[in-house]
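Protein sequences appear in the order of chains A and B.
In terms of the working numbering, the first sequence has 598 at position 598, counting the first letter as 1, and numbering is strictly consecutive.
In terms of the working numbering, the second sequence has 895 at position 73, counting the first letter as 1, and numbering is strictly consecutive.
Hint data in this document are derived by calculation from the structure and do not stem from the laboratory.
What you are looking at is a predicted structure, and each value in this text was computed from that prediction instead of being measured.
It is possible that some hints are incorrect.
[Said to hold, decoys possible] Listed next, with one range per pair, are the computed distances between beta-carbon atoms:
| id | chain 1 | residue 1 | chain 2 | residue 2 | range |
| --- | --- | --- | --- | --- | --- |
| 1 | A | R317 | B | G993 | 52 to 62 Å |
| 2 | B | S863 | A | L789 | 34 to 44 Å |
| 3 | B | G883 | A | V801 | 39 to 49 Å |
| 4 | A | V801 | B | K896 | 26 to 36 Å |
All residues carry an ideal CB built from backbone N, CA and C; glycine is no exception.
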Amino acid sequence: MMNDLKYAVRMLIKSPAFSLVAIVTLALGIGANTAIFSVVEGTLLRPLPFANANRLVRLYEAADDNGARGSTLNLSEHTFRQWREFGGDIFEGVASATGTNVTVGAIGSNPARSVAAARISANFFSIVGLPPALGRAFTAEEDFESGPHVVIISDDFWRQQLNGRADVLGTTIAIDGNVHTIIGVMPKMFRHPYRANLWLPLALPANSPAQATNHYLYGIGRLRKGLTIARAGEAVRRMCAAINQAHPDPNNAHAAYMPPLRESFIMDLRPKILVIIIAALCVLLIAAANFAGLLLTRVVDREGEFSLRRALGASWRRLVRQQLMQGLVLALLGTLCGLFLASWITPALVAMSPEGADATGSAMREFDYAVRLDWPVFGFATAVMFLVGIGFGFLPAIHASRIDLRGAMNAGSRNATLDRSTRRLLGSFVIVELAVASALLMASLTAAQYFRKLVNESWGFETEHRVMFNATFSERLFPNASTQQQGIERVLSELRSIPGVTAATASEPSPMTAPRNLISCNPEGAPPPEPRGFHLAYHRMIPPGYFKTVGHPLLQGRDFTDSDNGDSLQVCIVSRAFAQRFWPGQDPIGKRVKWGRLDGPRPWFTVVGVVGDMKAIADPRDGEVVGMIARPLTQVLAIASNLVDEVTFVLQTKNKAVTETAIRDALARADSRLAAYQIISLDQASADSRTTERFILVLVSLFGILGLILAAVGLYGLLSLQVARREREFGIRSALGATAAQLIQLVSRQGASLLGLGFMVGAFGTWGIIRLVRSQWSGLPTPNILAWLFGAIVLCLAAGVACWLPARRAGRVDPVIALRAE
Amino acid sequence: MIRLHNLERSYPLGRGQLFYVLRDIDLDIAEGDFVSIMGPSGAGKSTLLHILGMHDHGWTGEYFFDETAVHHLKAKERATLRNQQIGFVFQQYHLLDDLTVYENLDIPLSYRHYSKSERAALVADALDRFQIVGKKDLYPRQLSGGQQQLVGVARAIIAGPKLLLADEPTGNLHSSQGEEIMELFRRLNEEGMTIVQVTHSEKNASYGKRIVQLRDGWIV
């Protein structure tokens, strides 16, 4: 064995070019896969850092009895309270949270800043089973509207903002203008939910009927010991029925959708990661096929040596072992380089990966989920190494052991053409490479087309020369509707005075994040969908002039005016799709829309205008969204001021750019307690809005390019070997009258037939992969004829380059030398 | 038909020195001639044959083929002339291993842009003329050495060249097979074909009309 090892090392040193190509090929394949695996391990495989995490479930309430995912919503306060009160037999506890941004006052030299925070029920940390690393969690007494102002901070916040001071517990910080006492510090890396740096008590208002049925709470439950999710689901259904009987209310939930907590974090991520994994595996397959091809060419080159060894008494086992050893040594070196490459790629991959905006979308960054190269990753890399080294080294090794003794030792055969079986084996490697590369290419082209379509789809309003930023108008800073209203108007007035600003407006939510704010409604004359009892539409809360400022066309009726206030008729403006769907062929102006269920207590809105449709980034969990309803901010505040928390301000500017400093100064002049955050141009926000798709596109495209290069190298290697082996044949052909062009054609034709076969197999492969991924991700587009055509052209170009050099060499074979070599 | 004047072929040895394979060759070959080139190994026989066959371009001097000054032709023009006028027979037969006898005969025609039907007719004619119709679907490895060389000769003349060049055509054959091939050459020459062969064998050389002796690159 040691002799084989020594010999293998010696052979690799003796052929540095071959060794280098093999190692680089493997390093690229293994490096890419190891990096992807480290992300997968960090997001999909690593367990939650909670005690008995298998009993934790995410809680959604369902409007129908089946608890199917399509008709589920986050918890409302109403449901949260009911389940906490009546669910004692099912849950050890039910906790909830909501995300927000708060303004933290200046601390030492650190200026006031907006910080991501989560408001959590007092039992949140005890339910998840992770106590603070320092101090304590909230008590039930602190979880009241009028409770003491306490806060728990993240390890990051403690270290960065408070310099990690040891006496942090009991010290105070100003949050939204109120002094809060720090009572705990969470363990390092923990940022759950909403990537929070601060945790505040949820402190649900005792009586807020308008808000009580809003589905905004992120719910978690800890199942009682021994209870399965199925049995718990059944028990929740029975509990809901009992609640409905005792306290009939159309807002009562009917059932629960309860995925395991971990599953809820990754279920939307999984199909996307699946796409990336498949792409990475494709690259590995191409690299491995390439590697096997390289080993085989070595075997072919050394046929004489192998037959001599056989003649000297080497058994076929010994020859196989020697070849495998060489494969393994190369695989080991390739894996080491791959790991080095992965350690380089992985941080870039994480930096590129999208950050979710909800409680779970950013889950991979909320725990100790730092993607890193650790033992499982090394284990994976080692497994891949053996798979490639032994699995893909086996065929060439077997080939080496079966070399015809008499034929190979015959000097005359040294330059003979490759025998049919070798040619077929090498050809099949190249076909596999080309097939996988073409499938990858198809996938990246389709992803590019899909992404382009998403990006090019009009938002429905102008994004040029517009800047937006957020500011939090919390109830703590602005306790009632009129102070909130005045605060927003003061800010707008100051913003309009900035040089270069032509108009300013506000919106809740941000113009680009429609899915975060849905309204339940029933348009007049339309039957409510069963069993939910209401339609869902995107909701905008805006002041007069919003549509003009953002360039959203008003198609019919009028804009809101200052007279649309709390005392006047409740009005709304709907999008064209909404109007056409529910009142086709009718004048929508004057029609009414009921907020919530038809039998609910909420008011009717009268339609005063119709605006163009806007791009919607639908969340599949919401089911069908029927359009957009805009409402005057003043009227919304008059009904429930706590519906408006984070306000987005949009500035229309002239060509001159407006600086962040100018915006912050204007905000400070309006109200020094406010902090501007997420200042961004609408153009940039538009580009950023598809980070997940872009992430997938970038990765799949990179893998596509890598695969293409590797496949081209494979094709080049095969054709080069063929040309070298067929030098005599080309010499004869030349002597018989073949021109250089005819010889080039001969080699190219061979490349073309491999390419054709590879492309055909790749087409079937693409179809299979798309079927597999579509089972998980129904939104995945299928490649169209343009993608096929373009893919074929790109593949032909790459293959053309790969063919050209060996073909040209064939065309230049000197018949005198070729024939004299005999 | 062929006139060589002051033809030389050399290879650089480094430091500006040259190694001459052929020196000051003056040779005339008339149409219908059958010339045997003889000489010891390294005398330059094969080199001269490849120059005559226009495979080798690294020579100096004058080479007239009919009235065409080959020394003034570009490589592409030489290739065209070669394809039209010259056929080759090799010592190692140099049949293409993966092609059948029929396909091997078809190859030179395919390089000369004959139509498919013309090619079929010419190949059928050659198979019949050389009495190898029964072997047309066999691969070279399924033939004896003599049969392979027979196919090699058939392939060399199938496109109707005026000049047949043969490099040790019987070198790999036993005597009776060699005689058959030489008889075939004689018949072809009698039919008007000009033949130049390189050989070590006095006997084979005697089939020719004259012998050219080469030694150390010089005609002696």
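Status of the given 34 to 44 Å range, CB of A:L789 versus CB of B:S863:
violated, 60 Å
Does the beta carbon distance between A:V801 and B:K896 stay inside 26 to 36 Å, or does it fall outside?
At 29 Å between Cβs, range holds.
Taking the Cβ atom of B:G883 and the Cβ atom of A:V801, is their distance within the range 39 to 49 Å?
42 Å Cβ-Cβ, so the 39 to 49 Å window holds.
Status of the given 52 to 62 Å range, CB of B:G993 versus CB of A:R317:
violated, 42 Å
In this structure, the earlier hints numbered 1 and 2 are contradicted, and the remaining ones agree with it.
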